[in-house]
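There are 2 protein chains.
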Amino acid sequence: MKRKACAEVGIKSVDIDLPEQVSEAEVVCKVHELNANPDVHGILVQLPLPKHINEERVLTEISIEKDVDGFHPLNIGKLAMKGREPLFLPCTPKGCIELLSRSGVAIKGKKAVVVGRSNIVGLPVSLLLLKADATVTIVHSHSHDPESTIREADIIIAAAGQAMMIKGSWIKPGAAVIDVGTNAIDDKSKKSGYRLVGDVDFHEACKVAGCITPVPGGVGPMTVAMLLKNTLDGAKRTLES
Amino acid sequence: MKRKACAEVGIKSVDIDLPEQVSEAEVVCKVHELNANPDVHGILVQLPLPKHINEERVLTEISIEKDVDGFHPLNIGKLAMKGREPLFLPCTPKGCIELLSRSGVAIKGKKAVVVGRSNIVGLPVSLLLLKADATVTIVHSHSHDPESTIREADIIIAAAGQAMMIKGSWIKPGAAVIDVGTNAIDDKSKKSGYRLVGDVDFHEACKVAGCITPVPGGVGPMTVAMLLKNTLDGAKRTLES
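Protein chains in written order, with our numbering: chain A, 1 to 241; chain B, 1001 to 1241.
Okay, chain A solo, but in the shape it has when bound (with noise of 0.2 Å):
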């Protein structure tokens, strides 16, 4: 989908397949090169890593000048400090901001909720919104009855990876729900077997909401698109110093 959407807006990209069997060193010396290359304005590592390698340590070796995936310590560190702009933001949570400001969703002073906590997507959305002056809540695993604080919420993140979580009935009436999830749930009428479905329960949730995204459809093509600009920035501030 990446590569696709590359050709379509003329980056070129280029796949490094490496063996699952490659040592830390390689892929690391791999980064380097990259990093020392010119011609090269975004890197994205490929998670999950194989179980041997160091995720934390082959991630902080990316140049933060072509961190595109905006997951480097150092960014996250300026993305959560106030009169800090970090190089890169996340490209998930940089869609779910776009995506309410295309809808005309206004952030500031409203109550957000953002359901999961996780490095990718809970974290840095929480901090994006509590940057547009949102007033913010994060509901995790250890949340004692988190449809009350959801029922609650002008703005729903949920990015907590439980297929159809939230229900219907713990919308508030006009909220806008951004659904970062993707589940797969068994389905027989499906030749694959299975479904993908987000973890809010859409069918119920669209006669409550203000405005919601589907799952397919909705936040994916949007990450896809958030990288696409991050590379673009990239090469221009690299082309502008």
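Hints are computed from structural coordinates only; laboratory data are not their basis.
Note that the structure is a prediction, hence the values are computed from the model and not measured.
Virtual Cβ for every residue (Gly too), placed ideally from N, Cα, C.
Just so you know, nobody snuck in bad clues.
Once the Cα atoms are required to be at most 20 Å apart in a straight line, the calculated DMTMM-like pairs of lysine to aspartate or glutamate come out as:
hint, chain 1, residue 1, chain 2, residue 2
1, A, 131, B, 1145
2, B, 1172, A, 145
3, B, 1082, A, 61
4, B, 1108, A, 147
5, B, 1172, B, 1201
6, A, 167, A, 204
7, A, 108, B, 1147
8, A, 172, B, 1145
9, A, 172, B, 1152
10, A, 131, B, 1056
11, A, 108, B, 1145
12, B, 1131, A, 56
13, B, 1131, A, 145
14, A, 172, A, 152
15, A, 82, B, 1056
16, B, 1236, B, 1039
17, A, 82, B, 1055
18, A, 82, B, 1061
19, B, 1082, A, 55
20, B, 1082, A, 56
If you anchor each label on the Cβ, the simulated ranges turn out as follows:
hint, chain 1, residue 1, chain 2, residue 2, range
21, A, 24, B, 1233, 25 to 33 Å
22, A, 192, B, 1108, 36 to 44 Å
23, A, 147, B, 1185, 38 to 46 Å
24, A, 19, B, 1233, 38 to 46 Å
25, A, 206, B, 1232, 53 to 61 Å
Position chain B against the provided structure of chain A, taking the given hints into account.
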């Protein structure tokens, strides 16, 4: 206060007073000198700096191994991210958690509301509470109806810098209240003409809260203690490596 505390526990502290007109380059040069000095295990830049100096630039120059304040964006990023550990926790947030823990207040699964989102207290203490599995809400100057949000909290961290904004009636009976605010208000009965109060109306709140820190004398001394602890930890780490 910090100097006296250092002397008490046997940490040698050195003050470097620079004139207000000092250039940014000179401050940075001084930081580099301290970074390189093996006898120095912690560097603290007293804020605010004069306006002509870029605070962010100076703070970023402090070696991450000696950043006992824990304000480096790389430290904050690691504090935010699941599975990562910063070298140092910022002192006041670390002190808040220590106060809760020593008072026997469980954090896991509890509703925590942090009032204020500063880089120094509100933001990092929110991230720490989240790591400790609380359901965290961050309330700030753009939040509508902070009262109703605060009233649901099992744990309140008040760090807004607004004298006595949190009334007794805003507090759920039995809640744990950590008051980080230090605000001067007029008081003609004092020789100085003012007295220090927190962000919480202590006299009202202490009748409702399960436990509460006073201002002054609560969080302040704990912050200094955590700074000493960070410095000791930093020194140990250096000597062990």
